[in-house]
Amino acid sequence: MSNLDLQRQIDSEYRWGFVTDIEQEPFPQGLDESVIRRISAQKGEPAFMLEWRLKAYQHWLTLHEPTWATVHHPPIDYQKIYFYAAPKMGNRPKSLAEVDPQLLATYEKLGIPLQEREALAGVAVDAVFDSVSVATTFKDKLETLGIVFCSFSEAVREHPELVRQYLGSVVPYTDNFFASLNSAVFSDGSFVYVPKGVNCPMELSTYFRINASNSGQFERTLIIADEGASVSYLEGCTAPRRDENQLHAAVVELIALKDARIKYSTVQNWYPGDAEGRGGIYNFVTKRGECRGDNAHISWTQVETGSAITWKYPSCILRGDNSVGEFYSVALTNHHQQADTGSKMIHIGRNTHSTIVSKGISAGHASNAYRGLVKVLAGADNARNHTRCDSLLMGPDCAAHTFPYIEVKNPSARVEHEASTSKIGEDQLFYLRSRGLSEEDAVNLIVNGFCKEVFKELPMEFAVEAQKLLAVSLEGAVG
Amino acid sequence: MLQIRNLHVAIGGKPILKGIDLTIHPGEVHAIMGPNGSGKSTLAQVLAGRDGYDITAGSVQYLERDLLPLTPEERARAGIFLAFQYPLEIPGVANVQLLRTALNGQRRSRGEAEMDAIDFLDYVKDKLALLGMDDSFLYRSVNEGFSGGEKKRNEILQMAVLEPRLAILDETDSGLDIDALHLVADGVNSLRRPQRAIILVTHYQRLLNFIVPHQVHVLAGGRIVRSGGRELALELEAKGYAWLSEEISDAADFMETYL
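These protein sequence lines map, in sequence, to chains A and B.
Just so it is clear: in the first sequence, position 127 is 127 by this note's numbering, and no numbers are missing.
Just so it is clear: in the second sequence, position 124 is 124 by this note's numbering, and no numbers are missing.
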């Protein structure tokens with residue numbers, strides 16, 4: 001790499017690293033049954049919900065943190081975490097006008113002014129500030145179509161029958177260590193139900209933000225598309241900078257019934273820690289969708305640029321015949337960030353198809369692993385999978401790994417796996433610079449080209465945002 | 001426009017260019033010929049500002065300024081264009097995107113207004129027509145899956161779009177069949193202008209049948225050993241590079257370079 005100093009990576013400051021000074025309702029540190037009862041009581045939950053949480057907690061106590069991922073971190077002391085933090089503002093606001101102006105200012109800084117979005121972008125935003133959903137917009141419009149879009153807490157109170165029927169039906173509370181923990185203590189999140197035959201006319205969106213120091217954020221999201229329904233959902237995440245590591249263990253469940261379609265897009269830029277690897281979010285997330293009926297379609301798209309550690313495998317269970325699962329991912333790691341991410345496609349029904357496109361970009365001292373499972377069960381005649389994993393390396397000290405697992409129990413299956421690893425080369429950079437592009441523009445152009453297949457899956461405005469995010473994350477990446 | 005004086009260049013301590021002197025005026029076309037390893041491509045890369053070369057002596061003046069301290073992008077914005085011998089592939093980046101990004105970057109640096117997508121499309125389509133190229137070129141990823149001839153034509157398209165003052169074509173003829181050579185040469189000829197200078201770096205005389213140069217220089221052993229008119233190229237073709245060896249005083253130098 002001769003004179004190129006590919007080391008000068010992401011020296012840009014984390015732009016979203018401000019802290020909002022809002023009085024927190026105190027809650028004890030650590031976790032025991034009484035904390036769970038208190039969370040449940042505070043939210044006014046019905047008995048079934050508390051029982052479920054307690055069962056999850058009892059199960060969690062029997063589990064150990066998984067160690068198979070290629071990530072390294074000091075042990076997490078679960079008794080040091082505040083499992084619940086709610087901004088103090090009495091009863092839930094009825095409209096934006098009632099929302100604490102400082103909270104709204106926080107969203108302004110994040111570039112997601114609710115009112116503006118409401119007015120201009122046609123995006124209904126369910127904003128989760130720490131653990132309580134602050135404002136839900138567009139709710140009324142959606143209600144006329146019979147679409148339920150609200151905070152999870154509200155869904156538990158207002159639509160307990162739906163929650164009871166579907167909660168844990170894709171990710172049971174016994175699923176894994178972090179999913180169990182989430183099931184016990186989840187604080188809030190989003191809930192979407194789209195009734196039969198309804199196409200949700202706008203993108204639904206949640207912005208998550210971790211604010212309180214030392215507080216874990218445990219959202220729970222449940223999206224149900226009933227027969228013939230369709231919905232596109234976008235989740236964005238930001239967290240302020242802090243020296244200590246914060247735990248984020250979310251669970252997302254998607255259920256697509258017969259002929260239904262769910263598209264779930266994530267732009268994740270949690271605080272990644274500083275250049276030396278201090279601080280940053282531990283993002284240990286379980287995301288899974290089930291195509292429960294025939295011809296159902298679930299598509300995951302993720303752009304992951306943040307978090308100190310990402311541990312996340314958005315997956316699809318293809319139960320219905322002819323159902324389709326897709327996973328499109330860009331994961332960028334820099335400095336000392338670690339990502340172990342990928343997808344699982346479980347083919348159960350006949351003629352089920354899945355696609356995995358994973359683009360990993362690794363710079364600095366970062367480590368980026370793709371881990372994926374394609375499983376074709378005995379009854380899944382004519383199952384098809386195509387997997388493509390591409391890694392792009394910047395500089396000599398980063399790493400990329402690929403761990404594809406393939407299990408096929410039906411001889412008619414066709415499973416394809418393609419992988420490539422490339423470097424941003426001095427030749428490519430010189431070529432572009434000799435056309436007048438600055439080095440940074442050249443890097444951005446190459447990186448955007450590399451990610452194009454994934455970006456085109458994002459809704460337009462978020463594709464633009466994702467491109468900007470990559471540009472920011474790579475500022476000063478090459479010198 | 002361009003004055004190269006006593007230019008010495010080494011790579012990793014090994015001298016490649018050993019005192020190049022060359023003066024080029026606006027509107028002129030100069031051919032630089034020479035055997036493999038003579039330093040032709042090094043000269044082209046050094047003029048475009050590539051890293052990894054040590055300038056051990058000499059100077060290069062371009063439009064009354066010192067060229068050597070400038071970065072590649074500064075040189076490009078000042079009107080220098082290098083058509084690569086081996087154009088690079090940029091997967092996922094549409095040709096039109098690179099062309100517009102490059103042109104607007106250069107316009108911005110000159111204080112000119114950027115061209116919007118619609119105006120740019122009109123602009124670039126004229127250039128395509130000039131070079132007999134299809135619109136589909138615009139939407140393919142830069143050089144990805146292009147044939148050798150398409151890559152070379154794509155370089156000329158970039159040149160047409162960027163409208164450089166000084167274009168350096170590094171072995172643009174290599175690997176082209178006769179039809180492709182015609183297309184490329186016609187393209188280059190259509191871009192000849194009174195204010196634009198062109199340096200053709202080539203191994204073969206053949207290209208010069210189509211793009212007639214004002215001057216021909218023969219580079220061997222890191223030096224220009226002969227300069228002359230077009231007839232020099234024809235003489236070279238007839239006799240081969242070896243006949244020049246008799247005229248080089250420093251025979252050892254010459255042997256080291258291409259034997």
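Errors might be hidden in some of the hints.
Pair ranges (Cβ atoms, derived) [to be verified]:
| hint | chain 1 | residue 1 | chain 2 | residue 2 | range |
| --- | --- | --- | --- | --- | --- |
| 1 | A | Glu440 | B | Phe210 | 36 to 42 angstroms |
| 2 | B | Asp119 | A | Thr67 | 53 to 59 angstroms |
| 3 | A | Lys456 | B | Ser59 | 28 to 34 angstroms |
| 4 | B | Phe210 | A | Lys456 | 40 to 46 angstroms |
Read the hints as simulated data drawn from the structure, not as lab findings.
Computed from a predicted model, the values in this text were never measured in an experiment.
Beta carbons are placed, not taken as given, at the ideal position from N, Cα and C, and that holds for glycine.
query: Can you list which hints this structure breaks, lowest number first?
result: Checked against the structure, the only hint that fails is number 3, while the rest are satisfied.
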